[in-house]
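Number of protein chains: 2
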Amino acid sequence: MSRALGPTERTRLRRKPVRGSHDAAVVHAILDEALICHVGIAGRPGDAGGAPIVIPTTHVRLDDRLYVHGSAASHLLGALAAGVEACVTVTLLDGLVLARTAMHHSVNYRSVVLFGRGVPIDDDDEKRRALAALLDKMVAGRSRACRAPDERELIATKVIGFAITEASAKIRTGPPLAEDGADALLPYWSGVVPVRTAWGTPEPSPDCTVVVPDELRLAAAPAVR
Amino acid sequence: MSRALGPTERTRLRRKPVRGSHDAAVVHAILDEALICHVGIAGRPGDAGGAPIVIPTTHVRLDDRLYVHGSAASHLLGALAAGVEACVTVTLLDGLVLARTAMHHSVNYRSVVLFGRGVPIDDDDEKRRALAALLDKMVAGRSRACRAPDERELIATKVIGFAITEASAKIRTGPPLAEDGADALLPYWSGVVPVRTAWGTPEPSPDCTVVVPDELRLAAAPAVR
Chain P
1 MSRALGPTER
11 TRLRRKPVRG
21 SHDAAVVHAI
31 LDEALICHVG
41 IAGRPGDAGG
51 APIVIPTTHV
61 RLDDRLYVHG
71 SAASHLLGAL
81 AAGVEACVTV
91 TLLDGLVLAR
101 TAMHHSVNYR
111 SVVLFGRGVP
121 IDDDDEKRRA
131 LAALLDKMVA
141 GRSRACRAPD
151 ERELIATKVI
161 GFAITEASAK
171 IRTGPPLAED
181 GADALLPYWS
191 GVVPVRTAWG
201 TPEPSPDCTV
211 VVPDELRLAA
221 APAVR
Chain U
1 MSRALGPTER
11 TRLRRKPVRG
21 SHDAAVVHAI
31 LDEALICHVG
41 IAGRPGDAGG
51 APIVIPTTHV
61 RLDDRLYVHG
71 SAASHLLGAL
81 AAGVEACVTV
91 TLLDGLVLAR
101 TAMHHSVNYR
111 SVVLFGRGVP
121 IDDDDEKRRA
131 LAALLDKMVA
141 GRSRACRAPD
151 ERELIATKVI
161 GFAITEASAK
171 IRTGPPLAED
181 GADALLPYWS
191 GVVPVRTAWG
201 TPEPSPDCTV
211 VVPDELRLAA
221 APAVR
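Heads up: the protein sequence lines correspond to chains P and U, in order. If you use the working numbering, the first sequence corresponds to residues 1 to 225, in order. If you use the working numbering, the second sequence corresponds to residues 1 to 225, in order.
Here chain P stands alone, though its shape is the one from the complex (with noise of 0.2 Å):
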C-alpha cells in the first residue's frame, strides 16, 4: 500500500465506494497507461453562464505532477495557465461485461477523476523533461528518436502541470455481478468481453526513406496494451 491521496470532500467516493481508491500507486497506473485524458474547465462567463467545456488531450506524469502541453495559442491551454479550477479524468475500458439481465450489464474500467488548479511550467528544463516524456509515452524511447524542441518551438508551447494531490480512482473488474432466482436459469450467456487498444501495421509519411524501427513493427502484434 503506497501513499494514499486524500481523500478530500470532493474525491470521497459516494457511489459504490468498494470500486474506488485514493492509493497514489493505483492512481499513477492509471494515468501512466492512458494515453488520453479529459480535462474539464468552467466556461467563459459569457458562454451560457459559465457553462462546462472538456477537451480530450494527451497527458504524462512525472513523479507527483500531471503534464498536459499545446499551443501557446489555445484557450484551454490559456484558461490552465491562468489558473482556473480543472477537473482532468482519464478512462481506460477493459471490457464489456454481458449479463442475462439487461440491469446487470457493465463495463469493466479503470478511471482517475484529479481536480486541481494547473501552473504553467516556464522552467525551461522542466518543460523538456516534461515534453521529453510525453513523447516517451507514445513510444518507448522516441524523444531520443527525433529532433528536441529548439527555443522557438518551446516558445511556442505551453505546458501546464498539476499536482496530483487531489485525485481518485475507480475500477471495476470481473464477471458480472452473480444472478439469482429465474434470472440465474435464463438461456443467454454471461460473461466479459476484453477490450484491449492495439497497434497496426506502421504507416510511413509519404517522404520517409527510414526503415520502419523494430519496436514498432514489433509492436504491430494482435493486442498490445
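Hints should not be assumed to be uniformly reliable.
[To be verified] Stretches of chain P that chain U covers, calculated by requiring three or more beta carbons in the stretch to come under 8 Å of a beta carbon on chain U:
no.	segment
1	26-35
2	51-59
3	75-89
4	101-115
5	197-203
[To be verified] So the derived list for chain P, only partly shown, Cβ under 7 Å to chain U, looks like this:
no.	residue
6	Gly6
7	Ile41
8	Arg147
9	Pro194
10	Cys208
11	Pro213
12	Leu216
13	Leu218
Bear in mind the hints are in silico, worked out from the structure with no lab data behind them. Each residue gets a CB set at the ideal place from its N, CA and C atoms; glycine is no exception.
Since the structure of chain P is already known, use the hints to place chain U on it.
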C-alpha cells in the same frame, strides 16, 4: 453533406478550424462509434467554488438525441436530471503521429464536443428504447439476448437525453505535417502507427453454461473496431 449543427458561439472552432466539422452526419458517426463519453458539469457550489467535474459513462445516440444512464442514486445523474449545463465529449484515438521533430508529433483522433442541458426521460417507451440501444451498441442484438428491465429495474435506472443541436466534431487524419529544410533530412522514421480497439477472447462467468455466441467468438480478432 448533411444538416449543419450551428455553429454557435461556443462551438465555433477557434483552433485549427480546418480539422473541424459541424456536419450532423460526422458528429453522429463519432458518437456512434465511441462506447464511452466524458460528461462535464459544474461542481456543487460548496466544491471549491463550483469547480467542474468530469465523469466517464456509456452513451448511445438515437436520431437527434444522445442518451446516458445510471443509477437513480448517482450524483451526476441527479444533477443532469435537474438540468444543469453539461458538456459531453467523445474521443476516438486513431493513431500515433510520429515526426522527425518533437514539435510535429501528434495523434490522429476524432472527437465530438456537445453542449446542452439534459432532460430526464420519463416516458417508459423512450426509456426502454434508449436502454436497449445502449446494450445493442455493446454487442449487436444484445437487447434481445438478455432479460429486459422489469418495472422495478426501470424505476431504479435514470435515463437522461441531450438534444444533439449544439455540437462540433474535430478530426485529425494522415501523416505528420511535412518537414522541410534540414528537418526533412533527419535520419528518423516518420509516419503513423494506427491505434485500434480490439476485442479479446470472451471469458464466461463462473456459473455460465451457455456456449459463447458466434458474434462474440468471431469478433475476438486481431483488431476489430
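We went through each hint and held it up to the structure:
1. 26-35: As far as the segment 26-35 of chain P goes, the hint is violated, because 1 residues have Cβ atoms under 8 Å from chain U.
2. 51-59: Satisfied; 7 residues make the cut.
3. 75-89: Since 6 is at least three, the answer is holds.
4. 101-115: As far as the segment 101-115 of chain P goes, the hint holds, because 9 residues have Cβ atoms under 8 Å from chain U.
5. 197-203: Coverage by chain U holds here, the residue count being 7 at a Cβ distance below 8 Å.
6. Gly6: Constraint on P/Gly6 not satisfied, violated at 13 Å.
7. Ile41: holds, 6 Å
8. Arg147: holds, 4 Å
9. Pro194: This hint holds: P/Pro194 lies near chain U, its Cβ roughly 3 Å from the closest one there, short of 7 Å.
10. Cys208: holds, 5 Å
11. Pro213: holds, 5 Å
12. Leu216: holds, 6 Å
13. Leu218: Violated, because the Cβ-Cβ distance from P/Leu218 to chain U comes to roughly 12 Å (cut-off 7 Å).
This entry does not satisfy hints 1, 6 and 13, going by the numbered hints stated previously.
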